[in-house]
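If you're matching them up, the sequences are chains A and B in order.
So that you can map any letter, position 373 of the first sequence is 373 in UniProt numbering, and since no number is skipped, the others follow by simple counting.
So that you can map any letter, position 187 of the second sequence is 187 in UniProt numbering, and since no number is skipped, the others follow by simple counting.
Because the hints were derived from the structure by calculation, they are not lab data.
It is possible that some hints are incorrect.
Identical copies look the same in the list; a pair holds intra-copy or inter-copy alike.
Unchecked claim - Result set (DSSO-like, lysine-lysine): computed pairs, CA atoms no more than 27 Å apart in a straight line:
#1 K66 x K225
#2 K225 x K176
#3 K66 x K325
#4 K184 x K286
#5 K176 x K325
#6 K325 x K225
#7 K47 x K325
Below are the chains, spelled out letter by letter.
2 protein chains.
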Amino acid sequence: MTDFTPPIQDFRFLIHDVIGLDTVVNLPAFAEVSPDLVDAILEEASKLASSVLAPLNRIGDQEGAKLLDDGTVRTPTGWKEAYAQFCEGGWQGISATEAEGGMGLPILLGAAVAEMWHASNMAFALCPMLTAGAIEALTIHGSDQQRALYLSRMVSGEWTGTMNLTEPQAGSDLSKVRSLAVPKNDGTYAITGQKIFITYGDHEMTENIVHLVLARTPDAPDGVKGISLFIVPKFLVSETGEIGPRNDVSCVSLEHKLGIHASPTAVLSFGDQGGATGHLVGEKGKGLACMFTMMNNARLAVGQQGVAISERAYQQALDYSQQRKQGKTHTGDDAPIIMHGDVQRMLMRMRSSTEAARALSLYAAAQLDLAHHQPDENQRAAAQARADLLIPLVKAWSTDLGVENASLGVQVHGGMGFIEETGAAQHLRDARIAPIYEGTNGIQAIDFIGRKVLRDRASALNILITEARDTVKTANSGDQNGTVQTAAQQVQNALEQLSESTDIVLDRCSSDAAMAQALASPYLRQAALCVSGWLMLRALMTASSSPEATDFLSGKVKSCQFFFSQLLPEAAFMAAQIANCSESELHEPQPLF
Amino acid sequence: MTDFTPPIQDFRFLIHDVIGLDTVVNLPAFAEVSPDLVDAILEEASKLASSVLAPLNRIGDQEGAKLLDDGTVRTPTGWKEAYAQFCEGGWQGISATEAEGGMGLPILLGAAVAEMWHASNMAFALCPMLTAGAIEALTIHGSDQQRALYLSRMVSGEWTGTMNLTEPQAGSDLSKVRSLAVPKNDGTYAITGQKIFITYGDHEMTENIVHLVLARTPDAPDGVKGISLFIVPKFLVSETGEIGPRNDVSCVSLEHKLGIHASPTAVLSFGDQGGATGHLVGEKGKGLACMFTMMNNARLAVGQQGVAISERAYQQALDYSQQRKQGKTHTGDDAPIIMHGDVQRMLMRMRSSTEAARALSLYAAAQLDLAHHQPDENQRAAAQARADLLIPLVKAWSTDLGVENASLGVQVHGGMGFIEETGAAQHLRDARIAPIYEGTNGIQAIDFIGRKVLRDRASALNILITEARDTVKTANSGDQNGTVQTAAQQVQNALEQLSESTDIVLDRCSSDAAMAQALASPYLRQAALCVSGWLMLRALMTASSSPEATDFLSGKVKSCQFFFSQLLPEAAFMAAQIANCSESELHEPQPLF
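Construct the entire structure; sequences and hints are all you get.
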C-alpha cells in the first residue's frame, strides 16, 4: 500500500494563477463560485481521496472484481462502503447542473477533483467517470420523463451508469454495431445482442444500473446512421420510479486484465430471454451523435487518468528514493538514492511532465466551461474550437505519459519495483489501459490531424500559436528575469517548429489520407509538447515573479526549467520525423511486414 | 498462446553479411566453424525455440513457479521436460570450451541462439543464462578440482548454476554484502546469511544446483575488498562426484513479481542449521573481481532479452494487425488494421528498432570473440575496449526498447492487448525486469560515461566514430544509390552530434561526478542510436547492393530507411538534453522534490 497526497498546491496555483479561475467564475453560470469555495472543494476531495480511496487501491488490485456463481458481480472489500461515502459527499454531481441535483460547478474544478479520484484509485474512479458520461448524455438527449426517472438518481450516485458501445466486431469502428432494438407495442424496444468491454457493467454497489446501449432498429440503414441509443436499466423502473423486476440483461463474464483489476469489465448479454426492455434516447438513428456529445468530457477524463497515474507513480518513486540508501555519491557513502543524478533525472522527468500535462488538461477543461457558458456566441464558438483542438492532445499525450512515468517509477525502485507488493508495478499495469480506451491514441492523433487541423486549415491552431507568441513576446521583454527569457526562447523555437510542421501537414496531407495517418502520432505529440510548453512558460512567469518565496514556487521554477531544457526538445525530434516522412515506405498501400 | 518464428534470415544476414562472420571464424580458435555449421546450429535452435519453448511461455506465466509446503520449488507444467530436451541438444555448452565439454562455438553464434531462447520463453531461458554465467566464472577462476567436480556437469546442463549477490541492504552497491564465510578445519567455509532476488535459486529440474555466493570472511576488510566468492552446492558433492546430503541452504520464499512468473526468484537462507558448506573460488577478497569476469557476457545476455522480447512482441502485433479488421482505409472498408498508417508506424517502430538493436548486440558479441581469440595482443586489446564500450549500450538501450516495444505491441492490439489471454501484456510484464537487473540501466549509463568514455578521454569511442565516418564516406561515394546516400548523410549528422556531445561530456564531467550522472542516460541513448545507425547503414549498403531481390532484402531496406528517417533523429533530442543541461537544477546536491 502506498500513501497518496493530492497535489492541492499545484491545483490551486494552476487554477488561480495560470489558467485563470477568474475567466471561468466570472461567467454568469458560476456567479456563486468563489475562490474560497474552490479551495474548500479541493480540500474536501483531497481528504476523501487520500484517506478513503487511496488505501483501497492495492486491495482492489489484489482481490479484483469477481463474477460469482449466482451471476452477480462482487467488487473488492471496502468498495461498497467507499462508494457510499463518495455519494454522500455529492461528488458524482460535481459538474452536473443544479437543475438536475448537481453542484453545478465548473468543469475546470471537476477536472481537478477527478484527477484526485483517479490518482488515489483509478479502478474505483472509473465507476463515477462512466456514470458522469451517462449523466451528460441524458442531460442533453433524455426526455423529461427519462431525466426525471433516471438522471436524478445518477447525479446522486444512487444508481450508476454504463456505456455499451463495443461489440466483438465493432471496436474503434462503431458503424459495425449489430445489437438489435425491435420496437414493441408499448413504445419500448426489445434489445438483443452482446456487448464487450463494459466498464462496471455489473456490480453490487447500487441497487440499479442504467445501461446506455447502442443498437440498430430493424429498418435502420447500414453504418452509423442506423444506430440509436437506448436506456436499458438493469432492473426495470416503473413510471413512478419504483424498481421492478430484473431486465433481460446479464453479465456473462468478466475480463482478466493486465490492470485495473477492481474495475469489473463485463461481457453483457442482452435479450437471452427474448429481449431486454430499452427506451430510445433522443432521435432514432442519432445514437452515435448522442454519444459524441459527451466525447470531449470523456476523453478529458481519460487524459486526467494519465496525469493522475503519473502523479501517483511520482509520489511513490520520490518516497522510495528518499528512504532507500545505496551507493556512494559526492555527498558520501550510503546516501539516499535521490542523491544520484540519474535518479534525480528520472524523478524530474516524472514530475515535470506530470505538471505540464496537468496544466494542459486543466486549461482544456476551462475551455469547455467557456464553450458552454460564455454569454457571447462567438466567444463560445472560439472556446469550443480550442477545446476540440486540445482534447485529443490531453487524451493521447497524458495517457502516453502515464505509461512512461509509471514505467520510470518502477525503474526508480530497482529490483523492488518488479515485486508486486511494492505497488509501483500496479501503477504501470493500471496506466496501460488509458492509451487504449475512449478512442485509442492513434485515433486521437487522426482526429487531431484530420478534424482539428486539416478541416479548418489549421485556423484554430494558428489562433492558439499567435496567442502563445504573444506570451513569448511578454516573456522576452526586459522586465523578465533571465530564466524566463531563456525559457521564452525555447518556447519560441518550439512554436516555429510547430508552424513548420503544420505547413508540411497542410501541404502533404490535405489530399492524402494515408500520409495524414502516418504523420498523425508525431504531430500530436509535437503539438502537445508545444502547447503545454506555452502553459509552462506562463507558470514559470507567475512563479518566478511571485513576491512569495515558498518551496512550492521554487520547485515549480525548477520543474519548468527542466521541462524547457530536457523535455521540450523532444518536439524537434517529432518535427524531424514529420519532415523526413516523405518516403514511400510510410504510405505504401500494401503491408510491408 | 502465441506463435514464434525465430528471425533466422535476419541472424544469417547480420552474421554473414554485416557483422562479418569471417572475421570471427577466421580466428584459429574457430578453425572448425564453417558457415554451414553456423546455419545448421541456427536451424536446430530455431526448432527447439519455436516448437518446445514458445508454447510453454503462456503456461509458465499462468502457473508460475511455486514454493510447496515441503520447501521444494515446482516449475510449471512441461518445464522439466523442456529443460531435459534443452540439455540433450547440448545447448547449455554452446559457448563453453570444448575442454570443458562445450561446443566451443563463437559468442556471436551463442548470442543469436540465446536471443531465440529469450524470445521463445524468457522466463525459461533465464535458467541457462544464469548457469552460463556460473560456467564462465568457474572456467576462469575455479580450481582444477572444482572444474572437475562442478563444471562439466554445468556445461552439460545436468546441474544448474545461480548467482548469489544481492542482499536486502546490498543491491546496486555490493560493497555492503554481509553474508559471512567462516573457515573450517577441513578447508571449507561455513556460510551464513540471506540472499534475495536469486534467479532459479531453487527448482526441481535438476538433481543439484551450484550456488555461487558472495560472502565476507571474518577477518576481511570493509568494502569490496573483503568479499570472496564461494561454491555452495544445494547438495554436497563428494570428492569423487557423488551427490551427498542436503547442504544448509533453503528457499525461504519466492517473490510475487510483475512478470517472468515461471522463473523462481528466491530468497535463500544460508546456514540456518549452523552454516552451509562453501568452497572458496579464486583468491580470498577477489570475489567481486571474479564476478566482474563474466559481467560483459551477462550484460550482453540481458541486452539480448530486450531484443528478444521486442521481436516476440513485434511478431504477435504483426499477426494481430493482419487478422483484425476494423475501420475504413483508402483501400476500402473493413480492412485489416495493418492498412492504417498509424498502425504501420507502430509496427515499423518495433521492427526497425529491434533490427537495429540486434545488429548492435551481435556486433558486440563478435567483439568479445575477437577480444578472446585474436592472435595479436593489440588487436585483442582493441576488441576488448570496443566490447567494453558497447556492452552498456546493448544492455541499457535494448532493454529500454524491449519495454517500449512490448508496450507498443499492447497498443497495436487495442482493447484486446489489455486482456491477459491475448498474451501481448505478458511481454510487457516480462520485459520490464530487463532494464533493472544485471546493473540497472542507470548504472549502465554511469558505467558508459565514466569507465568507458571519461576514463580513456573517449579514445575507444573516437576510434569507433572514425571507423563509422569511413563507412559514411564509402556510402556517400558516387557508386551508391540515392537511398544509401541519404542514409549516409543522416548517419554523418548523427556522428557529428555524438562528437559534440562527447566534447561536452569531456568538458563538463571530467571533474564533476554529479554532472556525469545527470548526463549519463541521454548520452548512452545517443551513443546507442548512433552506433546502431552505423551498423544499419552497413546493413542497408549490403541489402541494397545485393544482386538478389528477396522479400527479406527489400524489407530490410525499408526497415533501415525507417530507422534513419524516423528513429535516428532521437539522437539529436538526446544531444539537446546534453547541451542544455548546464543548469543548476540537475546537479543541485539537495533533493528538490
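First find the shortest C-alpha distance between K325 and K225 inside one copy, then the shortest across copies, and answer within, between, both or neither for a cut-off of 27 Å.
Cα proximity of K325 and K225: across copies only (21 Å, versus 62 Å in one copy).
Is the C-alpha distance from K66 to K325 at most 27 Å within one copy, between copies, in both cases, or in neither?
neither (40 Å within a copy, 31 Å between copies)
Status of K176 relative to K225 across identical chains (alpha carbons, at most 27 Å):
within (11 Å within a copy, 69 Å between copies)
Is it within, between, both or neither when you check K176 against K325 at 27 Å Cα-Cα?
Cα proximity of K176 and K325: across copies only (11 Å, versus 56 Å in one copy).
Using 27 Å as the alpha carbon limit, work out where K47 and K325 are close: within a copy, between copies, both or neither.
Neither: 31 Å inside a copy, 46 Å across copies.
Quick one: K66 to K225, C-alpha cut-off 27 Å, is that within a copy, between copies, both, or neither?
Neither, since 37 Å and 54 Å both go past 27 Å.
Using 27 Å as the alpha-carbon threshold, which applies to K184 and K286: within, between, both, or neither?
within (19 Å within a copy, 85 Å between copies)
In summary, the numbered hints that this structure violates are 1, 3 and 7.
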